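Peer 1: Residue-level listing of the chains:
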Amino acid sequence: MSKQSVELEILRYDPERDEAPHFQSYTVPYREDWVVLDAVNYVKEELDRTLSYRWSCHMAVCGSCGMVVDGEPVLACHAFLRDYPDRIRIEPLHNFPVERDLVVVIDDFIDKLGSVKPYLVPKEEKDVEEGEYLQKPPELATFMQYTACINCLLCYSACPQYALDESFVGPAALALAHRYNLDSRDVGRGAREDVVASNPGVWQCSFVGACSEVCPKSVDPAAAIQQAKIAASGDYFLNLLTPWKRK
Amino acid sequence: MSRRPYRREVSKTGWWLTHPRYIRYLLREVSCIFIGAYAVAVIVALWRLSQGRAAFDAYMASSHDTASFAFAVLAMLFALYHTYTWFQVTPKAMPLVFAGKRVPGAVIVLGHWAGFIVASAIFWFLMAG
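Listed in order, the protein sequences are those of chains A and B.
By our numbering, the letter at position 239 of the first sequence is numbered 239, and the numbering carries on one by one without gaps.
By our numbering, the letter at position 116 of the second sequence is numbered 116, and the numbering carries on one by one without gaps.
Derived by calculation from the structure, the hints in this document are not laboratory data.
Nothing here was measured: the structure is a model prediction, and the numbers come from that model.
All C-beta atoms, glycine included, are put in the ideal place defined by N, C-alpha and C.
There's no promise every hint is true.
Said to hold, decoys possible - Restraint ranges, calculated between C-beta atoms of paired labels, are given here:
no.: 1; chain 1: A; residue 1: 97; chain 2: B; residue 2: 47; range: 35 to 45 angstroms
no.: 2; chain 1: A; residue 1: 49; chain 2: B; residue 2: 24; range: 38 to 48 angstroms
no.: 3; chain 1: A; residue 1: 134; chain 2: B; residue 2: 77; range: 27 to 37 angstroms
What the hints assert, rightly or not - Below, computed lysine-lysine pairings styled on DSS-like, alpha-carbon distance capped at 25 angstroms:
no.: 4; chain 1: A; residue 1: 123; chain 2: A; residue 2: 217
no.: 5; chain 1: A; residue 1: 117; chain 2: B; residue 2: 92
no.: 6; chain 1: A; residue 1: 229; chain 2: B; residue 2: 92
no.: 7; chain 1: A; residue 1: 136; chain 2: A; residue 2: 117
no.: 8; chain 1: A; residue 1: 217; chain 2: B; residue 2: 101
no.: 9; chain 1: A; residue 1: 229; chain 2: A; residue 2: 117
no.: 10; chain 1: A; residue 1: 245; chain 2: A; residue 2: 117
no.: 11; chain 1: A; residue 1: 245; chain 2: A; residue 2: 217
no.: 12; chain 1: A; residue 1: 245; chain 2: A; residue 2: 136
no.: 13; chain 1: A; residue 1: 217; chain 2: A; residue 2: 229
no.: 14; chain 1: A; residue 1: 126; chain 2: A; residue 2: 136
no.: 15; chain 1: A; residue 1: 136; chain 2: B; residue 2: 92
no.: 16; chain 1: A; residue 1: 3; chain 2: A; residue 2: 117
no.: 17; chain 1: A; residue 1: 217; chain 2: B; residue 2: 92
no.: 18; chain 1: A; residue 1: 229; chain 2: A; residue 2: 245
no.: 19; chain 1: A; residue 1: 136; chain 2: B; residue 2: 101
no.: 20; chain 1: B; residue 1: 101; chain 2: A; residue 2: 229
no.: 21; chain 1: A; residue 1: 136; chain 2: A; residue 2: 123
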């Protein structure tokens, strides 16, 4: 007999009533083509309107619906019910303070993202009327994969380094810094160095690789960080050997 | 409505038990202890060799017990695991571009294994000779 329903155990936390989060169970219908987000939406629409969570696009593009499902950080819109057992445990992303239910506070990430200047720093500013900053396809290919980041924060949720020391700049921010450092139109590497090549930057990464394993967009932040380490080492020794060029 | 974000504690000592990938990571890191210890054993063997044949033979005889054998097997298993994990991550740290195209990660990994096998074969050939 085919499955009729599944049980969701959802972590609930109401800052006005609860001292600590607790799990609450809901029975929802099972549909072969439902993702976890559909089941959570069912809870919200049919069973319990007080449930809070973030979502928007339902197509793994907006990066809003990151949750920990059965211990694994996933996009709820990208995780099919059929791949899980009859009882599914849903938690907010790990390593972030829980604002309410499945909503986490991401201020720390937003600050870190800004600190790595994740935008093009061109050699010379141009007016819009002057056109684009041109680039050849092979130059684009060097960093293309890192442009796919949707800031869903699954990588931070999986990263034990970030879990143990919140000063770590973290996978997504460092991957984006590397993305712009690799861009042939960008000259901002020196301006990003203070953050990227610092101890809380790439050097705090011990290459667990969990970030890349959970990334839903195959960005591979672990690769970006290791390459940034090699670049930072090169810069260090070059700086040591050419003291007259120091800023 | 008041904000009171709840911070869930992470165990400083037990975090690595919360997911198999963390256990695999820690095994990779711990492998250096066994490899380092085996390197010390080899250095001691070389030192005893420098003292003459009798000293070296005595050292070798003293390492022919079950504990030494078990340690050698354990060190080899950890060394192989370390080698495997090291080769697996090389495409991440050293992406190669050939003729304008990125070399697939699997090719880089297989290249490392090929180098490993060739180096091992040369070593065994020299030892046998």
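Peer 1: Hint by hint, note whether the structure agrees.
Peer 2: Now for the hints, and whether the structure bears them out:
Evaluation of the 35 to 45 angstroms hint for residue 97(A) and residue 47(B) yields a failure: the beta carbon distance comes to about 56 angstroms. The supplied range of 38 to 48 angstroms is met by residue 49(A) and residue 24(B), whose beta-carbon atoms lie about 42 angstroms from each other. A hinted range of 27 to 37 angstroms for the beta carbons of residue 134(A) and residue 77(B) is inconsistent with their spacing of about 53 angstroms. Distance hint between residue 123(A) and residue 217(A) is unfulfilled; the C-alpha atoms sit about 30 angstroms from each other, more than 25 angstroms.
Among the hinted pairs, residue 117(A) with residue 92(B) is consistent with the structure: their alpha-carbon atoms are about 23 angstroms apart, no more than 25 angstroms. Our distance criterion of 25 angstroms between C-alpha atoms is met by residue 229(A) and residue 92(B), whose separation comes to about 12 angstroms. Restraint check for residue 136(A) and residue 117(A): the C-alpha separation of about 23 angstroms stays at or below 25 angstroms, so the hint holds. As the CA atoms of residue 217(A) and residue 101(B) are separated by approximately 21 angstroms, the hinted pair is consistent with the 25 angstroms bound.
The straight-line distance between the Cα atoms of residue 229(A) and residue 117(A) is roughly 18 angstroms, inside the 25 angstroms bound, and the hint therefore holds. This hinted pair checks out: residue 245(A) and residue 117(A) have alpha carbons roughly 24 angstroms apart, not beyond 25 angstroms. Among the hinted pairs, residue 245(A) with residue 217(A) is inconsistent with the structure: their alpha-carbon atoms are about 40 angstroms apart, more than 25 angstroms. Restraint check: the Cα-Cα separation between residue 245(A) and residue 136(A) comes to about 30 angstroms, which exceeds 25 angstroms; the hinted pair is violated.
For the proposed pair residue 217(A) and residue 229(A), the alpha carbon gap of about 22 angstroms is at most 25 angstroms, so the pair holds. With a C-alpha separation of about 19 angstroms, the suggested pair residue 126(A) and residue 136(A) falls inside the 25 angstroms cut-off, and the hint holds. For the hint pairing residue 136(A) with residue 92(B), the CA-to-CA distance comes to about 23 angstroms; that is within 25 angstroms, so the pair holds. Between residue 3(A) and residue 117(A) the alpha-carbon distance is near 49 angstroms, which puts this suggested pair outside the 25 angstroms criterion.
In summary, the hint linking residue 217(A) to residue 92(B) is supported, as the alpha carbons are separated by about 16 angstroms, within the 25 angstroms threshold. Our distance criterion of 25 angstroms between C-alpha atoms is met by residue 229(A) and residue 245(A), whose separation comes to about 21 angstroms. For the hint linking residue 136(A) to residue 101(B), the alpha-carbon distance of about 13 angstroms falls within 25 angstroms, and the restraint holds. Restraint check for residue 101(B) and residue 229(A): the C-alpha separation of about 23 angstroms stays at or below 25 angstroms, so the hint holds.
A hinted pair counts as satisfied when its Cα atoms are at most 25 angstroms apart, and residue 136(A) with residue 123(A) qualifies at roughly 17 angstroms.
When held up to the earlier numbered hints, the structure conflicts with 1, 3, 4, 11, 12 and 16 and fits the remainder.
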